[in-house]
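A.B. asks: These protein sequence lines map, in sequence, to chains A and B. The first sequence finishes on residue 397 if you use this note's numbering, and the numbering steps up by one all the way, no holes. The second sequence finishes on residue 397 if you use this note's numbering, and the numbering steps up by one all the way, no holes.
Errors might be hidden in some of the hints.
It does not matter which identical chain is meant; a pair holds if it fits inside one copy or across any two.
[What the hints assert, rightly or not] Straight-line Cα separation of at most 20 Å, EDC-like style, residue types lysine to aspartate or glutamate; simulated pairs: (1) K15 / D81; (2) K257 / E239; (3) K15 / E89; (4) K15 / D205; (5) K336 / E246.
Everything labelled a hint here was simulated from the structure, so no lab data went into it.
Protein chains: 2
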Amino acid sequence: MRIIKDSTPSADGFRMPAEYEKHEGCIMIFPERSDSWQYGGYAARKAFVKVAEAIAGSEKVTVCASGRQYDNARSMLSERIRVVEMSSNDAWARDYCPTFVKNDRGEIRGIDWGFNAWGGLFDGLYFPWDQDNQMARKLCDLMNQDVYDKRDFILEGGSIHVDGQGTCLVTESCLLSKGRNPELDRVEIEKILCDYLNVSKILWLPSGIYGDETNEHVDNICAFTAPGEVVLAWTEDVTDVQYDMSKACLEYLESATDAKGRSIRVHKLPLPKPVTMTAQECDGLDACWGEATRTPGERLAASYVNFYIANHSIVMPGFGDPSDEKAKMILSDLFPNREVIQIYARDILIGGGNIHCITQQIPTSGRDMEWVKAPKEAHPLVQSRSD
Amino acid sequence: MRIIKDSTPSADGFRMPAEYEKHEGCIMIFPERSDSWQYGGYAARKAFVKVAEAIAGSEKVTVCASGRQYDNARSMLSERIRVVEMSSNDAWARDYCPTFVKNDRGEIRGIDWGFNAWGGLFDGLYFPWDQDNQMARKLCDLMNQDVYDKRDFILEGGSIHVDGQGTCLVTESCLLSKGRNPELDRVEIEKILCDYLNVSKILWLPSGIYGDETNEHVDNICAFTAPGEVVLAWTEDVTDVQYDMSKACLEYLESATDAKGRSIRVHKLPLPKPVTMTAQECDGLDACWGEATRTPGERLAASYVNFYIANHSIVMPGFGDPSDEKAKMILSDLFPNREVIQIYARDILIGGGNIHCITQQIPTSGRDMEWVKAPKEAHPLVQSRSD
Numbered sequence: 011m012r013i014i015k016d017s018t019p020s021a022d023g024f025r026m027p028a029e030y031e032k033h034e035g036c037i038m039i040f041p042e043r044s045d046s047w048q049y050g051g052y053a054a055r056k057a058f059v060k061v062a063e064a065i066a067g068s069e070k071v072t073v074c075a076s077g078r079q080y081d082n083a084r085s086m087l088s089e090r091i092r093v094v095e096m097s098s099n100d101a102w103a104r105d106y107c108p109t110f111v112k113n114d115r116g117e118i119r120g121i122d123w124g125f126n127a128w129g130g131l132f133d134g135l136y137f138p139w140d141q142d143n144q145m146a147r148k149l150c151d152l153m154n155q156d157v158y159d160k161r162d163f164i165l166e167g168g169s170i171h172v173d174g175q176g177t178c179l180v181t182e183s184c185l186l187s188k189g190r191n192p193e194l195d196r197v198e199i200e201k202i203l204c205d206y207l208n209v210s211k212i213l214w215l216p217s218g219i220y221g222d223e224t225n226e227h228v229d230n231i232c233a234f235t236a237p238g239e240v241v242l243a244w245t246e247d248v249t250d251v252q253y254d255m256s257k258a259c260l261e262y263l264e265s266a267t268d269a270k271g272r273s274i275r276v277h278k279l280p281l282p283k284p285v286t287m288t289a290q291e292c293d294g295l296d297a298c299w300g301e302a303t304r305t306p307g308e309r310l311a312a313s314y315v316n317f318y319i320a321n322h323s324i325v326m327p328g329f330g331d332p333s334d335e336k337a338k339m340i341l342s343d344l345f346p347n348r349e350v351i352q353i354y355a356r357d358i359l360i361g362g363g364n365i366h367c368i369t370q371q372i373p374t375s376g377r378d379m380e381w382v383k384a385p386k387e388a389h390p391l392v393q394s395r396s397d
Numbered sequence: 011m012r013i014i015k016d017s018t019p020s021a022d023g024f025r026m027p028a029e030y031e032k033h034e035g036c037i038m039i040f041p042e043r044s045d046s047w048q049y050g051g052y053a054a055r056k057a058f059v060k061v062a063e064a065i066a067g068s069e070k071v072t073v074c075a076s077g078r079q080y081d082n083a084r085s086m087l088s089e090r091i092r093v094v095e096m097s098s099n100d101a102w103a104r105d106y107c108p109t110f111v112k113n114d115r116g117e118i119r120g121i122d123w124g125f126n127a128w129g130g131l132f133d134g135l136y137f138p139w140d141q142d143n144q145m146a147r148k149l150c151d152l153m154n155q156d157v158y159d160k161r162d163f164i165l166e167g168g169s170i171h172v173d174g175q176g177t178c179l180v181t182e183s184c185l186l187s188k189g190r191n192p193e194l195d196r197v198e199i200e201k202i203l204c205d206y207l208n209v210s211k212i213l214w215l216p217s218g219i220y221g222d223e224t225n226e227h228v229d230n231i232c233a234f235t236a237p238g239e240v241v242l243a244w245t246e247d248v249t250d251v252q253y254d255m256s257k258a259c260l261e262y263l264e265s266a267t268d269a270k271g272r273s274i275r276v277h278k279l280p281l282p283k284p285v286t287m288t289a290q291e292c293d294g295l296d297a298c299w300g301e302a303t304r305t306p307g308e309r310l311a312a313s314y315v316n317f318y319i320a321n322h323s324i325v326m327p328g329f330g331d332p333s334d335e336k337a338k339m340i341l342s343d344l345f346p347n348r349e350v351i352q353i354y355a356r357d358i359l360i361g362g363g364n365i366h367c368i369t370q371q372i373p374t375s376g377r378d379m380e381w382v383k384a385p386k387e388a389h390p391l392v393q394s395r396s397d
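Take these sequences, add in the hints, and give me the full structure.
C.D. replies: Laid out in structure tokens, this is it:
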């Protein structure tokens, strides 16, 4: 593994592919942290296994497990899934596994961003975060891929979404937060994103989902479903604190254009009714930093936008809510060539995120760009929308 | 990774290649155990790094490091070497990393033997050994290779040597020891070796090197250098306790034939003068099971036979002994197409083994059988002796 410090993906001809481009596989982390996952993580592990198995129907899945949980992971996961031993502080593969970039020759490299548990000593969620922060580089080493060292810039994978055609979606609440890169202004942050993701336009949504303790990651409120098209988490309930937040995002998106100059088609994805912590669930969480990590009645940042786009499926959360079916139908319409698999995700949500947060895709190596442009008929199992 | 319980390599057409056949790479483990490696392992790690870098000149090297030592391993090893996180109880890759077998189509599988720290509760060297015993399977999973489950048979990689043509060398002292498979007799052990290594003849040397705490592994006293040819650790000093041991092996080999019916050409490799522990070295070793692991004046099982055959080099130990140069010349003559690299190995020897013990080769995948048969001229860097 070569560690690249003196260049950027953009300068070297690498770009971050969109999640709907073809994957080689997916990385996940086996959960065990007792202040994140209730009652020792038994329910969370079952939910993670369901997600991993759903994705493994489309692409190779690697699950990283600590030495303590390795045997357990190996026995809970089917043999088509690879389990590797790797230490971490928690299980958010999206946020600290590598962001992968790819060039026209189909070569893959990783980006190793800095990670400080969503805000470091300012408003981070746990301490320490050293093992999480090592994971991107460890994975690139494991995969024999060169890696860009950008640890001096704090960024989580869940705080960015790209369309693969020059546009990146972020939230102001997260990227301009005081716990990440307080010495950088918006223009400086844009330059780093453009240099490392090889994009030319950053779309700044004002906020994310109410109560999202990641300082409102974009991946919980808005996601590209195709170039020029997004889904946006939405509520019609004007009394909900989320209403104004989603509305401000909608208005921003309706007035914006992407890197190609296209206006953006926004598909509203309903939110479930507020999901709140029970006292019984709170009793099953260890304290962190001397405090309870959840309180009874606390609203969780539930959103159907937090789905994963696998090669042949969409793996999305369900909450036992009347909107589960409607959200599933909307995603089925938007991804007509992928099977939508809905997994009951309350046990993931309690940890503070959802299916997109616990997954990180690896793009295919090799030249497969034509795949993105191919007409729908060319490959019945593959999403091939384009504007 | 598929775990194969109901078949054997032999039944499936797989065989263990000889070490002098072409390698894909080599596995090593980063040392840190404070009752094995003096003064916290600083000197041992430097010696291991020299071995890894020497081998990396010929083939891909993967070094497994614990979570505690990962950063240190990554910074001590060059970027051409891959470092992966993996727990172990100690650093003997030969003895508990997979034995690899290969079929005519060039497919590779692993064998996961049982490991009990060289004798379990009878005369094993430490407790517990659970993490060592997990490594073979973990590595096969990491490498996406299917693995034969043979954990019900205790065997270390250092206790076998094969010629790749149907012959396996072992020692009676080790394979018939009471701490390994006391319920099996010699005939039953031979059957397992034949089934799993795909050999048809087992050569049973009576013993190994005096004081070798592995119950005298064969890889410290005798090794194939080509089909029909071995080196044997030898002393001319008739007063040395080793003299009768080596002489008995010589007499056995001179009267034996291999699987192809050939007599065996024995090249004597001189032993260094006895290497003994100093009081200062003993002071730097933590106790194990409440006892000192070494005592001042204790003779270590030093032997030049404990070398590794890399694709383009022989990596062999040196002891600062007058025989270092002679042993190097003998191996240079026996491997004329490989560079012989001698590494001062006292800091490895103190741990209880040597260069062969801390390495495990991975054969190349793909059909390269012609490589073994090719005349010497075909590839100047490659060993291609045949009878």
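A.B. asks: Taking the hints in turn, state whether each one holds.
C.D. replies: Results of checking the hints against the structure:
1. For a Cα distance limit of 20 Å, the shortest separation of K15 from D81 across copies, 18 Å, qualifies, whereas the shortest one inside one copy, 37 Å, does not.
2. Taking the closest pair of Cα atoms, K257 and E239 come within 20 Å of each other only inside a single copy of the chain (17 Å); across copies the shortest separation is 81 Å, beyond that limit.
3. For the identical chains of this complex, K15 and E89 are inter-copy neighbours only, at 14 Å across copies versus 37 Å inside a copy, given an alpha-carbon limit of 20 Å.
4. With identical chains, the CA atoms of K15 and D205 are at most 20 Å apart within one copy only, with a shortest distance of 13 Å there and 51 Å across copies.
5. In the homo-oligomer, the alpha carbons of K336 and E246 lie at most 20 Å apart inside one protomer (14 Å), although the nearest pairing across protomers, at 86 Å, exceeds that limit.
Checked against the numbered hints above, the structure violates none of them.
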